[in-house]
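The task is to assemble the complex, starting from two chains supplied on their own in separate frames and drawing on the hints.
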Amino acid sequence: MRKPVITTIITALMMTIAAQAQQLKEPNLKFGAPTEEELTMTTYEHDEEAAALVLCDITDVSYETLNGSFKVFYNIKRRVKVLKPEGTKEANVSVEYVSKDDVSMMKEIVTGVKATAYNMENGKVVKTKMTSDMMFNERVDNSYRRLKFTVPQVRQGTVFEYQYRIESDYYYDLNTWYAQKGIPVAYTRYELVIPEYFQFHIDQTGAQSLEAKTEPVSVSLMGFGGISQCNGTAHKFVGRHLPALKGDDYVWSVTDYCTKVRCELNRIVITGVYYKDFTSSWESIDKMLMDMDDFGGCLKSRNPLRKEMGETATDGDVKEKIQEAVKLLRKHVRWNGEYSLTGSPAGGVLKKGTGTSGDMNFILISMLKDMGMEVYPVVLRTRDRGHLPLSHPSVKMLNAVVAGVAVNDSTVWYVDAAVAGGDVNTLTPKLVVDRARLLTANGGIWVNLQDVSKGMITAGIKCSLSADGSFSGRYDAVMRGNSAMSARADIQEAKDSADYVSSCADRLGVTIEKHGAVGKSGFSSEMKEYFVFSGQCDVSGDVIYVNPLVLSPVRENIFTAEKRDMPVEFPYSRSIRQSVTLELPHGYHVDELPAPLNLRTPDGGMSCQMQMAVTDNLVTTMFRMTIAKPVFTVVEYEAMKQLFELMAEKANGIIAIKKN
Amino acid sequence: MQICRYIITLVLSVYAVACAAAEMTVKDMRTEVFWRSARSCTWKETRVYEIHAPHGRDWTDFVVNCDESIRLVSFSGTVTDADGKVIHKIKKSDLQRTEYSRELASENYKLWWSYTPPRYPITVRFEWEMECRDNIISFPVFAPQPGFDVAVEHASYTLTAASGLGVVYDRRNMGQEVCRTDNENGTATYTVEVPGLPEIRQEPAIRPYEDIFPRIIFSPESFTYYNTGGSLDSWPSLGYWICGLLKGRDGLPAELKAMLHSRTDTCRTEYGKIKEVYAMLGEQTRYVSIQLGIGGYRPMSASDVWKNGFGDCKALANYMKAMLGEIGIESFYAPVSTVYRKLAEKYANFNQINHVVLAVPVGDGGNAADTLWVECTNPELPLGYIHEDIAGHDILVVSDSGCRIQRVPEWNGKKNVRQNDISILLTETGSADVSLRSVWRGACYEQGAGLKKLDADDCRKVLYRMFMLPQPETKSDIKCSLIKDSCKVVLEANVGSRKYAGVNGSRMTVRITPTQVMRRDKGGVSERRMEIYEPLGITNREIVNISLPQGYEIEACPSDSRFSNDFGSAELKITGSGDTLSVCIETVVRKGIFPPEKFSDYIKLRERQAAMYEQKIVLKKK
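Line by line, the protein sequences give chains A and B.
Throughout the first sequence, residue numbering follows this note's numbering, covering 89 to 748 in sequence.
Throughout the second sequence, residue numbering follows this note's numbering, covering 5 to 626 in sequence.
Next comes chain B alone, as it looks inside the complex (with noise of 0.2 Å):
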């Protein structure tokens, strides 16, 4: 996986609100898994939805993953009406076959069928089953809820293990136990069963899905993988078997050997050497994703990237590694999840890993904050910079010398400032000339690091989203700055705008700072339901000195104010008079988990954060 940022925010972070508001009820959901070796399983779905109007329209498609090992083998489905009477009727080969995948190689593809319902209601059933030989490492999750705002009548579950064969499972958010049962000719059945779940409703500023949604992630105890044996009883023991992988990946050309010698043994610094084997991965290597057979979790080797000059999040990670260990320098593979914060307590499955990033102790060793985490797939990000998609999230650290599980720091919410300093030299007819430096920190960094990757025709167009300058006209280039040292972004241009101000007649209205705000969308919800979740504390700082034009006066102009609840604060100071004013909007979000009834508060700041951003003044011809 590739951590690659194209994210332009305003001042403000603004999140999006899906509208696919599905009007969906799971009638039934069952899945029974037959698990009859090591090398064989199978498994037969069923589904019965019901879907009430056309917002819940995607819920009739059907699509299944396939790949060299997963097969599906056989498939039927019904649509029927509000009285049963049966619609349509869909067979095995109504389904439409792709292998178009965003990786440069994969091995998977997919089945799938899509249809327009003629009216709503209707109920569609789809029955399927699934065989898997050989490579058996996890099995269907159980994911009773699967999606907003879909209500649950019943859901089931059974595995059935043949003798010998040991299970393990992860149960989150669900507070229905997997019971396990003895069977008579050695097999083991694990069942679970849920009569019924009230929907999820899709609200602002929720935590994330894998945080509310129920779930069970079953898995082997033990498995088999391309002629590769592990277990799964713990993290430490995939770990274990990851480890495996990588032996004898790690062999460096004698070319590379003396290219890293040359640049890093006058480095004084173990720090400084990191530094420059990092920006050599940067210079050498590119990421394309390739994932056929065993490539799925064991790295192409050190060398062939060296040769090739790219690879994926493993390959480029063991690639570091390698470099590392040639100079003296020790570093671990670290195998994480950039979707679940929390890995599974007890057990290992191979559903909570899907990318890789480097562990390269500099402390005492053994602490995470003595730790730097190297993505080694996106040169853009400083050193050990630790992007929001492994930020707090549990990490495996793999080792010869044993496994373990840490946890990735988390940015300090003061450390994530988002500024701009902004002088407006304004004219008697409302044009102005406006300089403008922005700079992202901390964790902003990935917001502004975007802004490089565009041309100026679309940072251009970037820049006027952000700043409200209306008939603009560039009066530099705009200059972009990744700052790696100091982990920061910085952006500088110098624009004109003809009609900053408004005039009308005597008067003009200019606004306090042509930085735009989006205000945050309440989502039209009334009675909050779930907990508030604001994942990361930002301030943003906002310092604007204006020019006025001469022959003018201040007639109104916006007074202090100052606002602070439990999700954050918001103040504006305005100072100086005659010629100039400054204005100073500090906002500060706070990241946190809040009850729902706090919702009010929530919106009231942001409200206030967002007009405070909005106030004008207004001059009067002297």
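Okay, chain A solo, but in the shape it has when bound (with noise of 0.2 Å):
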């Protein structure tokens, strides 16, 4: 029977205000007090998967005085639902907090620690407090302390709750506060009071919409012998219902995804008595930064390899001069794996013989310098910190440096001395982000480096076919660019030649007899490869079914989530041409032809072709494969993963070979 469409609309209306009103439902905020609701929930209707969930998280910030000098207090209290058994994890907390080794006066403290878990047992709600000798505290390292407690009695269906207060002497860098969680968050809210004194930029990022309110208030400012009163600010985010949030492999930091508010202090006025600005734009951290003793100062240094460059340094083209550079260089200092901004003196380096990457960085500058090259400092933020943020500057932010070479007015080559096996133009992947600052005597300017450094295979295949399905052939390849770095890199972390051979004929699924390999260490453009390979077809009757590129490049698509909540980074752009030419057994057809392939997404930042073509006894096919660009969207993902998925269809197809 149909329904009547007024029926039809008045119940999609009620469901709707039903939902809405569940949305806006106000949460329990009184901690030591969990509804019944809280108690008996079995599953959270924004989740049901959900192991567990932060039901509310409140983290009050505030100012106090305290001997003379400011401190900031970070209360929180969160109560989490335990809705799985294996949700009961969340029961064990970790806090870590700054507490120098050394005789710093500047350090944080937890105090006021509490927690207290819920439990129904035959209709009554039983109530066990954590005793303070369930709480431990260790030394991470120099730097960091870490307090760690176990809530009792959580399992399944537990309610607990758990508060404490970080006392904090750096009053001037307030902790990023992250609205979402590995487990969803029912509701959040964080309350910001700042007292009139301090001028902080304020910046909420994320996916996730946050209810924000600003509003004056007074604040009372204990210490300085008693209760003083302040103008000051309350910045209020509110947010309800965020899913949780988890990384992957294709995002470098999952944080730059996470809905969050970041402080940054722009200046400090006491009228009257202090004022200091922090404000901040990347010019005048450009500044600072030239000023730095190891950062401008090592700028400063002389070449300290100039007797071993010799006169042959000075000669040939600028690309081959740089590469000499560097190889000079890593004879000289090995890279110790980490990344640095700054730089210490050149001559302890080279003494020690190792050395970060801003260290080896700033000697490879100083060395082109002395060739006469136009060179500059170019800094970043690794891929893996997450992004450069948009708006207010920090030199914190930035924790690497590399080189920039300009070879004309418009042209500057990137180049990284301190990771293997790279080359001009081509860093590691960790290293192509999209914003760096080049730095130049007249100011810095943003470079995208996501535009120079990029992967390119070329690849040839000749390949015979007998009559029982059983092919052999030659394989060779040039990479370029990324794609070679990447090739060097499997080849160094391979056990053995051996080791590096047999992966490579498990993943192609053939049996490979010769292999050799052109440049595969080193400082250059380009590395080749070759191999003889020889592998069996399916057979039936008389027809040979082959896949028409042989040695598929693409096995599969890698791509298999419906959807995604954030983007897709890949390490760097690429393409990948191979043609082969397939010479069928002698009294044999093609029985059919699959048709051509040419896809490309809607902006076409990905594409692929495929082509075939039958002559006398030889079929060739084209295939060409690009990711343009390195980054696509949430938007762009349903593209990205079809195009990725008919590829990979296509890739791994087969034509049908006949007997005549």
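It is worth saying that the hints were derived from the structure and are not from the lab.
Treat the numbers as computed from the prediction; the structure is a model and nothing was measured.
For every residue, glycine included, the Cβ atom is placed at its ideal position computed from N, Cα and C.
Careful: at least some of the hints might be erroneous.
As the list claims (entries may be wrong) - Cβ-to-Cβ under 7 Å is the rule here; a few derived chain B residues that face chain A:
(1) T102
(2) A109
(3) N112
(4) T120
(5) G313
(6) Y468
(7) P476
(8) K479
(9) S480
(10) G500
(11) K503
(12) G509
Unchecked claim - Simulated crosslink set (DSS-like; lysine-lysine; CA at most 30 Å straight-line):
(13) K93/B to K440/A
(14) K114/B to K188/A
(15) K746/A to K625/B
(16) K624/B to K550/A
(17) K217/A to K251/B
(18) K215/A to K277/B
(19) K89/B to K177/A
(20) K89/B to K415/A
Following this line, the structure appears as structure tokens:
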């Protein structure tokens, strides 16, 4: 029977209102008194799979004064519901805080730790408090300690609460507040009361929306011999029903996509007493860096390898000169695996024989300058640390430096002397950022390293097919840029050459009889690789089924998730070209050729072409795949995934070869 | 130690070959132990490692474990280059300290130093002295070969014990004898020297580390530990000491006693009662590790576990024991090693105990097969499920009336089955509706149970790694059930694949099963040196029904095949005609230790098994 339209509309309307009412339902903000609903709930309607749920998370930040100095206090209260047995791990809490091992007066302390579990037993609420013997403290390293505690009597169904207070001397450096956690959050509130003396730039980022409110307040400051009053501002952020946030293999830093509030101090103004401007612009940071001994000072250093460079170093084209300089530097200094923005005195680095990326790149800059090149430091934040914030510049956001060589008025080449296997304009993926700052004498400019550091593989395969379905052939490839760097890393990581060849053969599903590579180490633009292979196709009666690419460059679609909440960040842009010539056995012909493939995403960020042709007893196939940009947004995911799927299908398809 | 699995493996289990190809030679390794009194021991260590290439870089790192009783007295180090020139010196103050631990609480801390050599080869030399005051329960282990791909030129160990102090030791995987010399001053010196050892190459499917690498575990014959004393002259003696630690730890509050009786008094069988108590354990407790002082060996009392709702393996096993005791069921606290399958034959030691389970006799008693081996830290395991970290291991069963070593039974390979029942409804566009039912039984239970812990997104990701379903659309919730009574895990899902089959003009290529199999890594080994080790017998069964689209006929279909050798078998059968095909693949992996010359057979079986899963049928438009 057909439902009357009006009934359907009313029902839908009522459902919407009910849903909104549910959405706007105020949470229980009273700690120490979980509601019956919280105690009896078994699933969370917004995430029915959740093992645990943050019911209420409140962070209040306020200022006080003590011994003539400001302190910032973080009061954290959290109520959590355990929905599944695996959610009990949320009851093991760890709070990391600054506690320097040296005599530094600046520190943080954690006080007021309390935790309580609430369980429904026989219709009654049973309350279990954590005792102090369940709290432990450990020194993580010279700068940090960790308070660990566990809430007792936590099991499936438990609601538990805990609270603590961090008293921090770092009043000028407020901790970033993250609204999202590894489990969903039903309600979260961040309230920050800032006395008029401090002017912060407050920046909210992330995909989830927060209710934000700012209002003037009167602030009471304890200390200075009593209570003093001043004006201030209260900033309040509220988030409701925020999904759990988990990283995956296709984002460099999940915190980039976490909804959060970050505060950056602009200035301190205590009228008539104290004034300090912390306002930063990238221009002022450029200047600050240039004034620093371990940055600007390093740029003034003489080339410490002048003697070793000799006269030959001044010959050859610019690229060759840079390559030779890097090779020479690496003979004297090995990278210790650390990225750094600054450098140590070159003499000490050379004596030690190892150094950070900063140590090495400052020496490289001095070497290249000594060769008469125009070279600039290029500062950046490595991708694993997250993007450089668009607003409120801060030097603490930077953690690496590379060299920028101006080859003419419009072209700069980028070089990193530290990470092995690269080349000019071929940086390790961690350094391939979209916003790096090139510092010249006239100021800094933004540069996009993703435009230059790319990979390319050009491969040719010649293969003969026999009537019994066996095939043999030779693969020749030239890898350039990041593709060469990646291949070199694979070779270096393998236990030995046999191990490397074996893993290649397993990956491609063939037997490799002979293998060779040129340019597999060092600092150069390309690596060449070849191998002789053999394998077996499926045969049925008079028909042989063969993959026209023989060695498919795309084995499967790696994107299987139906949707994504975060972008896909590839290591770098790249392209693969593969041409295949397949010789058919005598007396056989191609029964049917697949249709050509020509796909591209709407913006051309990814594309794939595959074409085949038959001439006499030769089948030639041309395959080309291009990932023209390293980042695909959430909106672009579906198109990218579909292209990958069709490409994987085609690249692993078959053609039927039939006996005449 | 918590036994908890997050393993998601594919149909043929996959092992990883560690890629840390260390290129290092132990030029000299010396340990000199001076056991001066029951409460004082010092030892001097010297390590001289020649590191040939960057793969061996990790051997430049230095780390020592310390705690309340053990401290580092002195330390120095040098790094020399190929010309013998000292390029770096390290002193004690250069060491970093961390108390970081995965446990909730531990009194251990580490002192460490890390270094990147500027060039290779280099030689690192570390010399340090340690001191142990009180609580001397073990001495440094002599492990002359510290890892794979490491050759040894010289290693020696001496232990000098003051008069009246007895030393016991367990020697394994090495021919050199320990020589005892009685000195004039009444001390005794135990010496062992290893002149040279060839490298042990890292190869795939290799026996466990403990079965291959030479080592001697030295221990005091008798010991004092936090004002308790015991003997290591035998495992029963150690058991007796452990038994003493349990004394008075089993008291239960009246409320819990009442609860136990109300839940178990009506159970008709003893097994039923044990099962009910095990369920209570799972409902009331969780695993949390606290290792402080004597708490490293003495469990938290049962009443504290009840009060807190958590405990470590010792505490939870003791708690379970106390609960069973309350309802009249005898059980035994059973320390075990999750690393060593075989305990030292003659003497006991503390190095081979890192976990505790509970032994509950359910038959005539005394027989391992008639005992429920209860893992108390992971309630998701069925009662008495023998997980891989203890299966086949020696275990010390502790009892007031006498302690004994037993062996935990292993799974019968025939019971370890992973079966996929798959139905594929294929359309003429290549899309398919696929219904999947995967069942893990026996030892495979642990592999499947990890799925239950995953959230929906992660479970879906794993599903799409297990099954190749291009352009997938999940059509129903993925359901994972742990059926503890029959010890199986069942995963059910209905998935659409928009491109299950590849369409090429008039032809369609269809995989006979969507199940993905990872091929075993051959590890680049051209000449196999070590025995081949297969720890677990497993049967994988694949039953696939494919409904073919209308308008297509089968052009090519894999023929039935069977392959078998010492390592197992693989069989493929395809039946049916017209609209439906039934595919059955059964692969069997046999447990065992096989001679190295059979390695090509081992690889051959793996390849044949994998190849069967990758077969395709070709359909052609009529």
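Status of the hints after comparison with the structure:
{"no.": "1", "hint": "T102", "verdict": "holds (6 Å)"}
{"no.": "2", "hint": "A109", "verdict": "holds (4 Å)"}
{"no.": "3", "hint": "N112", "verdict": "violated (10 Å)"}
{"no.": "4", "hint": "T120", "verdict": "holds (4 Å)"}
{"no.": "5", "hint": "G313", "verdict": "holds (4 Å)"}
{"no.": "6", "hint": "Y468", "verdict": "holds (4 Å)"}
{"no.": "7", "hint": "P476", "verdict": "holds (6 Å)"}
{"no.": "8", "hint": "K479", "verdict": "violated (11 Å)"}
{"no.": "9", "hint": "S480", "verdict": "violated (13 Å)"}
{"no.": "10", "hint": "G500", "verdict": "violated (10 Å)"}
{"no.": "11", "hint": "K503", "verdict": "holds (5 Å)"}
{"no.": "12", "hint": "G509", "verdict": "holds (4 Å)"}
{"no.": "13", "hint": "K93/B to K440/A", "verdict": "holds (11 Å)"}
{"no.": "14", "hint": "K114/B to K188/A", "verdict": "holds (18 Å)"}
{"no.": "15", "hint": "K746/A to K625/B", "verdict": "holds (16 Å)"}
{"no.": "16", "hint": "K624/B to K550/A", "verdict": "holds (29 Å)"}
{"no.": "17", "hint": "K217/A to K251/B", "verdict": "holds (28 Å)"}
{"no.": "18", "hint": "K215/A to K277/B", "verdict": "holds (29 Å)"}
{"no.": "19", "hint": "K89/B to K177/A", "verdict": "violated (52 Å)"}
{"no.": "20", "hint": "K89/B to K415/A", "verdict": "holds (23 Å)"}
Hints 3, 8, 9, 10, 19, counting from the list given before, are not met by this structure.
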